[in-house]
Amino acid sequence: MKMELIQPFINAADAVLSQGLNSPMEIGNLTMDKDAYRLQGVAAMVELTGDIEGRVIFDAAPKTAAKIASKIAGTEIPETDSLVREAVCELANQVIGNAVATLNDQGFHFRVHPPQPHTSEHGPKITPDTEALVLCFETSSGNVFMNIALRYSGSAANGVSA
Amino acid sequence: MEQFSPIKRSKDGQAVRYLLVDDSVFARKNLARIIESFGGEIAGEAGDGMTAITEYERAKPDIVLMDITMPQMEGIESAEKIVQQNPDARIVMVSSVGYQENIVAALQRGARHFVQKPVKPEVLYEVIKYVLGEDGVVAAAAGAGA
Chain A
55 MKMELIQPFI
65 NAADAVLSQG
75 LNSPMEIGNL
85 TMDKDAYRLQ
95 GVAAMVELTG
105 DIEGRVIFDA
115 APKTAAKIAS
125 KIAGTEIPET
135 DSLVREAVCE
145 LANQVIGNAV
155 ATLNDQGFHF
165 RVHPPQPHTS
175 EHGPKITPDT
185 EALVLCFETS
195 SGNVFMNIAL
205 RYSGSAANGV
215 SA
Chain B
223 MEQFSPIKRS
233 KDGQAVRYLL
243 VDDSVFARKN
253 LARIIESFGG
263 EIAGEAGDGM
273 TAITEYERAK
283 PDIVLMDITM
293 PQMEGIESAE
303 KIVQQNPDAR
313 IVMVSSVGYQ
323 ENIVAALQRG
333 ARHFVQKPVK
343 PEVLYEVIKY
353 VLGEDGVVAA
363 AAGAGA
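In order, the protein sequence lines correspond to chains A and B.
216 is the number that our numbering gives the last residue of the first sequence; the numbers go up by one with no jumps.
368 is the number that our numbering gives the last residue of the second sequence; the numbers go up by one with no jumps.
Same shape as in the complex, but just chain B (with noise of 0.2 Å):
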């Protein structure tokens, strides 16, 4: 898998914390292994919109990584539950359900941003730069410039 330079949280120059929520455990690996080649670090997982709320209070992450299709609760409820408690959550939904409605929907109720699955790498290491503004700075590769 391609290799993105790494990008760090701007305040302590960590690496960004993430929850990924998806009942797939399929979708969450190969999510993990896309994070990974950002240089982000994994610190939750949740196969459901209701593990995901008490996840996130858990592992208080930078980003939420949040599936739409799932059991029990479905993703935009989980993702509005998760900012009417932390106004400054960044959730980023990733769905196949791609449709307008959707899309408008997760977005009104606190997502900051969707991406289409099958997710490209390319497209969501964007995505996250642009959802962690100025929190976020992109590090040199490893051994570039040296």
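Pulled out of the complex, with its shape left as it was, chain A reads as follows (with noise of 0.2 Å):
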């Protein structure tokens, strides 16, 4: 994968957490993954087709994914409520979207689907052609994760390898 395509969502993220947690965030690992996504706890994914295909990842821990929906939402939400799924996709929706509204903006043109939650341990499997990007943003309520699976397609993969 390029880094032109992964750099908007390295800065959107950036962009939606500190925000979201009134508190800066650093970029830890930067790891490649060629199997089955093992999955943090709580998490969405969002999908992508178009000049671009793919999809993407966001999860957390579920004490992490309580403390950023209880720090957003200005009240204590615990663990085991829904809105804390419900968290996590508002905030791949809003990383992703963001990313993406950048990416259009340079030319490519895709569609992005609704955030669905994800329950099983492990991710979708990747694609023989597709490898994905996990990385990890180490934020003031813990670690989220963010697994990027993308691809050109149709004329955007005409004389450009992802």
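Hints may be right or wrong, so weigh each one.
Which residues of chain A face chain B? A partial, calculated answer using Cβ under 10 Å [unchecked claim]:
#1 A69
#2 G95
#3 A123
#4 I126
#5 E140
#6 T156
#7 R165
#8 V166
#9 P169
#10 V188
Here are the in silico distance ranges between beta carbons for each label pair [said to hold, decoys possible]:
#11 B:V360 x A:N76: 23 to 33 Å
#12 A:S72 x B:V326: 20 to 30 Å
#13 A:E133 x B:Q225: 43 to 53 Å
#14 B:K351 x A:T129: 23 to 33 Å
#15 B:V359 x A:G128: 19 to 29 Å
#16 A:Q160 x B:V345: 20 to 30 Å
#17 B:L329 x A:T134: 36 to 46 Å
#18 B:S259 x A:S194: 21 to 31 Å
#19 B:Q307 x A:G82: 26 to 36 Å
Residues from chain B that face chain A, not an exhaustive set, calculated with beta carbons under 7 Å [stated by the list, open to error]:
#20 F248
#21 R280
#22 T291
#23 P293
#24 E296
#25 G320
#26 Y321
#27 P343
No wet-lab data here; the hints were simulated from the structure.
Think of the CB as a built atom: it goes at the ideal place given N, C-alpha and C, for glycine as much as any other residue.
Mind docking these for me? Both chains are given alone in their own frames, and the hints should help you get the complex.
What follows is the structure in structure tokens.
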């Protein structure tokens, strides 16, 4: 995957998490993942179709997810509350939506599908021609992970290798 | 959360009534919290564009805050249908997918404004005042100038 695809996601995560949590965050580990992604606990997946295809998974450990949801909502939300999953979905929507807006303004045209919660231990298997990049964001509420598996498709793929 | 000077309806001095449309319950709750800090009242909520149309007819809100990416019917199509039936409807798109094409499409199909998610309350406050125009008035905050 080229950095031109990844950078907008990093910038968007920085902006959304820093604003939502009202504190700066840092980028931690960055790893490549060729197998099924092992989820941390509370996850949301957003599918992209168009010039760029693939999916982005946004997830966090249940305790971290609850802390983040509580901070954004301005009230204590227990780990077991369904709002925690909703919060992770909404954060995924905001991060990915902001990144997509940047990429779209750069000339890539694609559609963002509504976020889907993921509850199984493993994320979806990665197709042979796509590898995933896992980014760890260290926030004041704990680590948040973003697993990005994207590739150019259609006319965007001509002469461009992801 | 910061409290803003309440925005009232100029015709009767009552609270501005809002319809919140977003498929995320969490997003609606956060928007509701922001709206309440503006002195607004939640007239209704909807989780998709189709329900938004019926909720609009039921609640007849002063302002609709509408997400774009939603199941069943997306926000831009829903906004267009509401405005076709109610040309005076004031719809503000509130979405993270804020690229130029989307914003232009929303405005061409009847939305009055666009606010990027994550929502900054101070930005939304100014947009609400702008969209209400002469139909809205900023009242003195409670306790101010007493």
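Going through the hints against the structure:
no., hint, result
1, A69, "holds (8 Å)"
2, G95, "violated (17 Å)"
3, A123, "holds (7 Å)"
4, I126, "holds (7 Å)"
5, E140, "holds (4 Å)"
6, T156, "holds (8 Å)"
7, R165, "holds (9 Å)"
8, V166, "holds (6 Å)"
9, P169, "holds (8 Å)"
10, V188, "violated (22 Å)"
11, B:V360 x A:N76: 23 to 33 Å, "holds (26 Å)"
12, A:S72 x B:V326: 20 to 30 Å, "holds (29 Å)"
13, A:E133 x B:Q225: 43 to 53 Å, "violated (30 Å)"
14, B:K351 x A:T129: 23 to 33 Å, "holds (27 Å)"
15, B:V359 x A:G128: 19 to 29 Å, "holds (28 Å)"
16, A:Q160 x B:V345: 20 to 30 Å, "holds (24 Å)"
17, B:L329 x A:T134: 36 to 46 Å, "holds (42 Å)"
18, B:S259 x A:S194: 21 to 31 Å, "holds (23 Å)"
19, B:Q307 x A:G82: 26 to 36 Å, "violated (51 Å)"
20, F248, "holds (4 Å)"
21, R280, "violated (24 Å)"
22, T291, "holds (6 Å)"
23, P293, "holds (6 Å)"
24, E296, "violated (9 Å)"
25, G320, "holds (5 Å)"
26, Y321, "holds (4 Å)"
27, P343, "violated (11 Å)"
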